[in-house]
Amino acid sequence: MKVEVGVNGVAYERDVEPRTLLVYFLRKLGLTGTNVGCDTTSCGACTVLLDGESVKSCTVLAVQVDGRSITTIEGLADGEELHPMQRAFREHHGLQCGYCTPGMVMAAVSLVAENPDLDEHQVREGLEGNLCRCTGYHNIVAAVLDAAQSSREGAW
Amino acid sequence: MIPVAFDYVRAESLDEAIAALSEHGDEAKLLAGGHSLLPLMKLRLGTPSVLVDIGRLSELSFVRDEDTYIAIGALTRHHDVQHDTIVLREAPLLAAVAGRIGDPQVRHRGTIGGSLAHADPASDLPGAVLALDGTLVARGPAGDREIPASEFFKGFLETTLAPSEVLVEIRVPKGTTGHSYQKFVRRSQDWAIVGVAVARVNGHVGVSLVNVASTPVRATAVEQALASGASAADAAEQAAEGLEPTGDANATPEFRRHLARVLTRRGLVEAGL
Amino acid sequence: MSILGNRVLRKEDQKFLTTGGTYVEDVPLEGAVHIVYVRSPMAHARIRSIETSEALESPGVVAVFTAQDIDLDPMPPGAPFANRAMTRPWLADGVVRFVGDMVAAVVADTRERAVDGAELVFVDYETLTPVVDASTAADNPTLVHEDAGTNVVLRLPDDFVSAGIEQVAAEVDLFEGCDVVIRQRMVNQRVAPCPLEVRASAAKWEDGHLTQWSTTQAPHSVKDTLVQLFELQPDQVRVIAPDVGGGFGAKIGGYPEELFVAWVSRRIDRPARWVETRSESMMTLGHGRGQIQEAELGGTRDGKLLGYKLTITQDAGAYPNFGAFLPVMTRLMLTGVYDITKTEFSSCSVATNTNPTVAYRGAGRPEATAAIERMVDIFADEIGMDPAELRRKNLIGKECFPFTTAVGTTYDIGDYEQALDRVLEAAGYAELREEQRQRRDSGDTKQMGIGLSTYVEVTNGIPGSEFGAVEVLADGKARVRTGTSPHGQGHVTAWAMLVADQLGIPVEDVEVIHGDTDEVPRGVGTFGSKSLQSGGVAVHQAAERVVEKAKKLVADLLEANPNDIELDKENRRFHVAGTPSVTKSWAELVEASGDAGLSAEVDFAAPGPTFPFGAHIVVAEVDTETGHVSLERIIAVDDAGRLMNPLIAEGQVHGGLAQGVAQALMEEMCYDDQGNPITANLADYAFVSAAELPSFETHPMETPTPINPLGAKGIGESGTIGSTPAVQNAVVDALSHLGVRHVDMPTTPIRVWSAIKEAKGDR
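Protein chains in written order, with my numbering: chain A, 5 to 160; chain B, -9 to 263; chain C, 0 to 762.
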């Protein structure tokens, strides 16, 4: 079945099987930044923005997003200029193996966009759906708090 | 991770959805946010041959203040229930419960109707709607039907909805003066090991229990004890009355009964009793 | 000023943050088929028949293979000393031995069609009784491997004595002079390593040459195995570990699932790829830990520990792998930081009808630390002494190093008392105890527990060398080739820093190549917290040699004595001492060096392992009504010697802490009594999330080791090793006034609640 999806500002028209999960649809476009880390909607590695809100692209069918717009990690930076969340992850060493990172960053972007006035507890609860095995979350939380601060200061 | 292949029907209207359900019968499943159904299909635990997508029926996404009750469209997402000002004011239990479902990404997709119609005894919203004495409105080929929440949940993943009926609206009474949702979990994103929803509405106290039976259940013994003047602590002792929960890796039946009592007491106290 | 010791941001982050890394699943591979393995749903069964015809007719299916198709020797056994009759076949040959055992391989043109095809392979099983409980496996009449004649894989010390590796230990009266001897059975439960990237493998043959992509921590070892299996010359095999999404020990070896991809690819003459699902990974990626420990600890009433005995049953799973060998590592660190002069150790590793166990972050040492640290706490409770005080009385003094323990392990250097002092101070220990006393007095349902652990562990414990090469390029930039294989540890940055430190070439101009056997001639890989102190030192020394070579060259060019040549690192130019105006740049020297180039290779073999140490305190709040534990504070003092990049080192500690905490509190890979895994996905397995953890309070200590020129020890596993017993001790400590003496891990609500109930005598 034919779908038309905007991804990172580019319109893609593709013929897909109805069972195609959004994450595989994106990966087949060559956008392999979005990873699959589980099969139970638990880990959040596949998190992308659907019309600006975080969703787990492993639990969305491509046909469900026909006509809508997706942002993946590849579409976050403004050219060479990193998004403040990307920058904060780097500055706080919020990533190690990098596998959870795209999903974690996208989830964090959505979290801060909804409410930049976050405390540590809210950040931790807000990232409950994104698992990381390397960092112990400490630096991720620090990065998100820092990026939220920059958002409050109008830097986003 | 790969669902079995299926046919996909995108409903452009509610009538179309009902017609498609009528045509395909048991073979078909409704797809709303997909956050109950797709996880099962990915593990091939669910293998419908037709999916009827009602996700675009925006007329089913609303919250309305209707004088004595509030009406919530079945396609209203958990995220919207959690943050809606009418829900927060008139049925704060629902907002609190919606905010405890899964994680933010799940709440951005999952819908109140999908969660109720899926009827997982471990999921949060069914217990809340039960404690609130809510009413569910279903539409089928013959028109609308109102189903009291107490008659909606029939068994494990089973409701009294007919195969060709679509859950369209959830109604809960206004007038909450106290509420609590006690969700006992190991990890924030997990299903409740045991959950207790308490709602004080118009002088009545509703208490329901999550994940202690094949459906969410009302703690009627607790409600009766409270009605006859028992203290919260004494009433809560009745919470496990008649329960025969199952055991799993997280809890024995005995531990579940114990948790039901402790959480009920805490819930009643938090609700101001 | 040296760049070493600075918090340099990572070079590798840019791609992960903008396009994502390139993992095996992301590697473009034109025309590749996809493999799905049909796995056993039974823990132990005989295969009566396998029906593949329907699968073969399924759209897109190219081939279906079963054991009878395979013309390849089995993989070499994963465990030293393992009984050969326990060797794992590629695909189950007549008998399946755990849920997840591979029965058939379905090959199709797309992943979707391979999954569909796999559902159409029908296997008829005759159920056999499974061996699930490791504690009784040695005497179980049912055998996991009929031909082996036993379920026992390895007994210590007996098997080492009969192999002539060690002598029979002299009889000692272990508890002579002891006023108190305590005993406790402890389960160090089986856990799932859960790297966020599951396993994947891809293979391509061209003119008899094999290229294999693998999610591995040790690409050269995968290459060696492939060379041996396919009877090839070393130059016919190239193994690439592209970006690898975590390993934690579980991705050290080559798994049959991965290596078999090369066989399939050759057989059907097409590139092939296999990517597992998470559920598949939870069942079949090697598990960690899995020990049942019986411990006895004796000492005097005034707190001198004298004798310690540990008896272990190690669950090796269905096909013994490194897991069977873990007790060897546990024994090495038996008495931890304490001067206990009399010890006794024995272990029995057994096969069971469960997934094989392997190395997992710490691999045998966390088990040693968990046992002794729990026992010390129980002993303290028994004699009514503060656990910090009991520890202090028995620590090996800092003047005693190098120190050889009762089991014969020689620790390089340590200052355990300082670590203890620092963690007590950072935690505000006295105030915490006072707060705890008040809570106890108040009878609050939420009680506070303070858990300590003082630990030492061994890193770079496996003898051997690691490869490092440094080359200066024509444009004055540098290139490093390393035999380590980072998968999150930041070697690209750290190795560049080591080169920048010597050559003055800035970090951004140092390229680091790893994980490709065509690009790096030799290598061991990354595991056991070995990389910096082996591969890092090799790079450091190679850089030193490059500077020496350069100085000779400059001396020739400027007609001076090489000893008078100085490198101005800031300006990246050489000059003769006293005449800084005449200089030579790196680019000029590379040009002058001609065909010889300016490079050096080093294979560095450390003279021995190093022994990082530290002290952790965990403050927990336990809800005595529900058994729920929440962590309030985690304070960690860790000493890994000299730190090259404290930012990265801290990151390693953070990750280690989370995993250690998770084992103590939440995670367990469970099987039911029929051998069915019941926590085999990330919804059921309690992989810890941000919401269950507090921020960590980390305090580095730097006691340089004399073992290597960098003074560096490993830091990858310390956090895990120290934190697990600290959490467990905190939970028990919160309940000790209620009469609770021990709670097994994970300290889940049901376990905590049951322990309280039992202590109250309300059974």
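Just so you know, the hints here were simulated from the structure itself, not pulled from any lab data. The C-beta atom is built at its ideal place from N, Cα and C for all residues, glycine as well. A portion of the hints provided could be inaccurate.
Among chain A residues calculated to face chain B with C-beta under 8 Å, some are [claimed, not checked]:
hint : residue
1    : S46
2    : E57
3    : A111
4    : L115
5    : A159
We went through each hint and held it up to the structure:
1. For A/S46, the shortest C-beta to C-beta distance to chain B is roughly 7 Å, which falls under 8 Å, so the interface hint holds.
2. Because the beta carbon of A/E57 sits about 5 Å from the nearest beta carbon in chain B, less than 8 Å, this interface hint is met.
3. Of the supplied interface hints, the one on A/A111 holds, with its beta-carbon coming within about 7 Å of a beta-carbon of chain B, less than 8 Å.
4. For A/L115, the interface hint holds, since its Cβ comes within 8 Å of a Cβ in chain B; the closest pair sits about 6 Å apart.
5. This hint is violated: A/A159 has a C-beta 22 Å from the nearest C-beta of chain B, more than the 8 Å allowed.
The structure does not agree with numbered hint 5 stated previously, though it agrees with all others.
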